[in-house]
Amino acid sequence: MTLYLKNALYLDYQTLEFSETNLAVEEGPHGGLKAVPSLPSPAELIGGDRVVDCRGRLVTRSFGCGHHHIYSALSRGMPPSAITPRDFVETLEQVWWRLDKCLDHDMTEASALIAALSCVKRGVTFIIDHHASPFHINGSLEIIAQAFERVGVGCLLCYEISDRDGLEIAENGLAEHDHYLGRGRPGLVGLHASFTLSDNTLKKAVDLAAKYQTGLHIHVAEDRSDQIDCLNRHCLKVVARLANFGVLDQPYTILGHCVYLDDHERRLVAGSRAWTVQNCESNQNNNVGLTGYKWTPRVMLGTDGMHNDMIRSAQAAYLTGRHTEAVSPGEIYDRFRAVHRYTAEMGLSGDADNNLVIMNYQSPTPLNSGNFPAHFAYGFSSNDVEIVIAQGRVIVENGRLISENEENIVAYAQQQAERLWAEIIKI
6 MTLYLKNALY
16 LDYQTLEFSE
26 TNLAVEEGPH
36 GGLKAVPSLP
46 SPAELIGGDR
56 VVDCRGRLVT
66 RSFGCGHHHI
76 YSALSRGMPP
86 SAITPRDFVE
96 TLEQVWWRLD
106 KCLDHDMTEA
116 SALIAALSCV
126 KRGVTFIIDH
136 HASPFHINGS
146 LEIIAQAFER
156 VGVGCLLCYE
166 ISDRDGLEIA
176 ENGLAEHDHY
186 LGRGRPGLVG
196 LHASFTLSDN
206 TLKKAVDLAA
216 KYQTGLHIHV
226 AEDRSDQIDC
236 LNRHCLKVVA
246 RLANFGVLDQ
256 PYTILGHCVY
266 LDDHERRLVA
276 GSRAWTVQNC
286 ESNQNNNVGL
296 TGYKWTPRVM
306 LGTDGMHNDM
316 IRSAQAAYLT
326 GRHTEAVSPG
336 EIYDRFRAVH
346 RYTAEMGLSG
356 DADNNLVIMN
366 YQSPTPLNSG
376 NFPAHFAYGF
386 SSNDVEIVIA
396 QGRVIVENGR
406 LISENEENIV
416 AYAQQQAERL
426 WAEIIKI
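In the working numbering, the protein residues as written are 6 to 432.
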């Protein structure tokens with residue numbers, strides 16, 4: 006099947022060059038995209054071919070999220086804890102670790118479906134996720150993958166291994182990766198953070214990643230408490246500990262946050278193959294602080310489960326970055342698009358050129374290659390997204406999901422949220 010985009014104002018996401026053209030979009034996980042001088046006549050269209058008129062619309066590459074937590078999708082409006090958290094660790098204990106302990110497979114499926122729905126309606130067609138459901142680990146990654154596939158989202162998954170709930174649960178996390186990766190599914194080996202990991206578990210995780218020639222995905226120095234714990238227990242800072250275990254040597258490793266790194270740690274990360282993910286809104290929400298990221302060439306943007314809107318994440322990163330690192334709109338746009346570099350380096354399917362958004366961006370001022378980054382930083386909105394094409398197939402049209410029944414997904418999420426909240430209040 007070929008999808009033809011007629012009268013497109015096409016923006017090349019890499020060169021920022023605009024062209025008025027017709028596009029042929031090939032279907033499939035590795036499908037291509039090419040400009041065509043003319044379209045087939047109606048009689049020349051073969052079964053499944055379709056023509057979409059994009060006149061007055063902007064067409065460009067769809068978006069990706071470098072760090073998500075779909076397990077938090079049902080948290081909006083959840084019952085508050087009896088104790089108001091005073092710091093980051095208490096926030097984890099009183100909010101997120103209470104929630105993840107209650108998740109079962111149905112709740113996980115609903116979380117994945119509603120997160121995928123919300124992402125694609127905002128133009129996000131690829132998600133790198135970091136999951137946690139310590140009392141329902143087995144099979145959880147496959148549940149998420151299948152939910153994403155139903156909606157049409159590409160993904161790279163892992164489970165958040167941690168010793169915080171005991172050795173057996175840590176071993177279950179390792180086994181879940183072994184099973185999932187052993188079936189040929191693309192994935193990373195997930196870890197929570199240094200302060201919840203024993204040396205034994207960390208070594209086993211690195212060995213497992215090496216077995217499958219993949220990377221690790223871990224939160225790093227999100228809060229000062231991570232560094233304090235590492236110094237007290239291991240007489241090392243976090244990055245040095247991870248480096249000693251080989252975390253930085255694994256290809257495609259992702260380090261989330263990296264807020265509290267000293268210059269030496271930054272040099273270690275920047276000189277390695279690891280990627281860093283900036284999640285400034287989550288950092289603000291958790292009141293852990295903010296930092297800059299110009300010290301590494303491999304930085305991408307995530308949401309950390311705060312929401313599903315990558316344009317919003319990029320604009321928040323730009324506004325905070327004006328203070329922390331004097332960042333420009335163009336530099337933030339590069340971070341916004343860096344996820345595609347990552348997926349290409351890893352050879353992942355589902356994030357090829359045939360993933361596109363068609364946007365109704367009505368600007369009161371001229372738009373061109375030179376000023377596009379400023380339009381992106383100040384004017385773009387996910388509300389402008391009208392059509393989303395994933396792997397060459399239209400999955401969102403007129404702002405509505407068409408690959409699955411949107412109303413059913415929302416109803417299922419609400420049902421499972423009520424079940425989840427009923428369990429949370431018991432803790």
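Please keep in mind that the hints were generated in silico from the structure rather than gathered at the bench.
Take the hints with a grain of salt, since some may be wrong.
Simulated pairs of lysine-lysine, DSBU-like, Cα-Cα distance not exceeding 30 Å [as the list claims (entries may be wrong)]:
no., residue 1, residue 2
1, Lys106, Lys208
2, Lys106, Lys216
3, Lys106, Lys209
4, Lys431, Lys39
5, Lys39, Lys11
DEER-style ranges, computed between Cβ atoms [claimed, not checked]:
no., residue 1, residue 2, range
6, Asn413, Asn249, 45 to 51 Å
7, Lys299, Arg424, 43 to 49 Å
8, His184, Tyr383, 42 to 48 Å
9, Pro90, His35, 54 to 60 Å
10, Ile174, His269, 31 to 37 Å
Beta carbons are placed, not taken as given, at the ideal position from N, Cα and C, and that holds for glycine.
We went through each hint and held it up to the structure:
no.	hint	result
1	Lys106 with Lys208	holds (25 Å)
2	Lys106 with Lys216	holds (29 Å)
3	Lys106 with Lys209	holds (23 Å)
4	Lys431 with Lys39	violated (56 Å)
5	Lys39 with Lys11	holds (12 Å)
6	Asn413 with Asn249: 45 to 51 Å	holds (49 Å)
7	Lys299 with Arg424: 43 to 49 Å	holds (45 Å)
8	His184 with Tyr383: 42 to 48 Å	holds (46 Å)
9	Pro90 with His35: 54 to 60 Å	violated (45 Å)
10	Ile174 with His269: 31 to 37 Å	holds (34 Å)
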